[in-house]
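Colleague: Sequence:
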Amino acid sequence: MKKLYKILKQTSPDAKPHFIVLDGQKIQYGRVPKVANSSIKEALSQFLTDEVDLTLRTTEDRFWTQGTFGQSRMVTKAEAARLNESHFSFSFVRNPFDRVVSCYNNKIVANPRLSKRMTKMKMYHRMPFDEFVRILVKTRDARIDLHLLPQSRILKVGGELIPKFIGRLENITDDWNALESLMVSRGFPSLGKLPAKNVRREKSGDMPQYFSSQELVDLVHERYRDDVETFYPGVPIADLVSGQGGKGLAPMVAL
490 MKKLYKILKQ TSPDAKPHFI VLDGQKIQYG RVPKVANSSI KEALSQFLTD
540 EVDLTLRTTE DRFWTQGTFG QSRMVTKAEA ARLNESHFSF SFVRNPFDRV
590 VSCYNNKIVA NPRLSKRMTK MKMYHRMPFD EFVRILVKTR DARIDLHLLP
640 QSRILKVGGE LIPKFIGRLE NITDDWNALE SLMVSRGFPS LGKLPAKNVR
690 REKSGDMPQY FSSQELVDLV HERYRDDVET FYPGVPIADL VSGQGGKGLA
740 PMVAL
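Under the numbering used here, the first residue of the sequence shown carries the number 490, and numbering increases by one thereafter.
All the given hints hold, so there is nothing to weed out.
Derived CB-CB ranges, DEER-like:
#1 K627 x G676: 46 to 52 Å
#2 S731 x K605: 31 to 37 Å
#3 D542 x S731: 40 to 46 Å
#4 T662 x Q535: 14 to 20 Å
With a straight-line Cα cutoff of 30 Å, these simulated DSS-like cross-link-like pairs (lysine-lysine) come out:
#5 K605 x K645
#6 K505 x K686
#7 K505 x K627
#8 K682 x K736
#9 K686 x K653
#10 K611 x K645
#11 K605 x K627
#12 K645 x K627
#13 K645 x K736
#14 K609 x K645
#15 K682 x K515
#16 K686 x K736
#17 K686 x K645
#18 K645 x K505
#19 K653 x K736
#20 K611 x K505
#21 K686 x K605
Hints in this document: simulated from the structure, not taken from any laboratory.
All residues carry an ideal CB built from backbone N, CA and C; glycine is no exception.
Kindly generate the complete structure, drawing on both the sequences and the hints.
Modeller: Structure (structure tokens):
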């Protein structure tokens with residue numbers, strides 16, 4: 490039984506730590522890869538006033554679990570839900586079609602050395618986009634690379650969203666400013682200006698060339714259906730595929 494529990498803990502996305510917690514500031518951030526994650530982590534690092542391990546980068550999860558010497562920690566989403574009573578939680582999400590393309594360009598095309606998880610998924614350097622999509626849609630959440638894990642799987646527990654504020658990458662400047670104003674008004678520390686960290690793909694006008702067939706659109710839509718319905722309700726799929734979906738939507742706030 491203990492062995493089975495250990496296996497489940499290692500493979501289930503729900504058992505992995507997805508939230509960075511700063512107890513001193515009563516802040517927790519649900520980090521979603523490929524959604525300004527590096528920039529937001531850099532913004533949070535301003536609150537680390539004591540010694541940190543300079544051999545680790547703020548972009549690494551290991552920095553927040555080991556490199557801050559107790560100034561921060563990472564918790565599972567179940568623990569993050571419990572901390573909501575005392576901490577302000579926030580996150581940012583991204584058009585799932587655009588997130589898939591971003592991951593493909595960054596992790597498959599530009600990077601000759603794939604992650605262990607992607608290698609196990611049978612992905613390879615510069616593989617065709619349609620083959621990439623066919624692999625990711627048939628890979629279970631427990632086996633998929635974190636950069637492709639549905640955002641709703643990271644930010645929901647028991648079907649309910651954990652963060653009290655969820656902004657969108659499509660409106661990152663406005664939503665970050667809204668987050669800043671909200672936090673300050675409620676007595677939380679100022680996050681300041683969002684740094685530009687690891688910004689590789691700022692425009693999404695090339696989206697249609699990737700989703701050149703309705704079949705690819707349908708495959709990605711089905712794989713990330715919960716992301717679409719949760720974070721982009723009412724937005725036509727055609728708009729998401731064109732890269733225009735989500736622009737102008739107000740951030741999701743639940744206080």
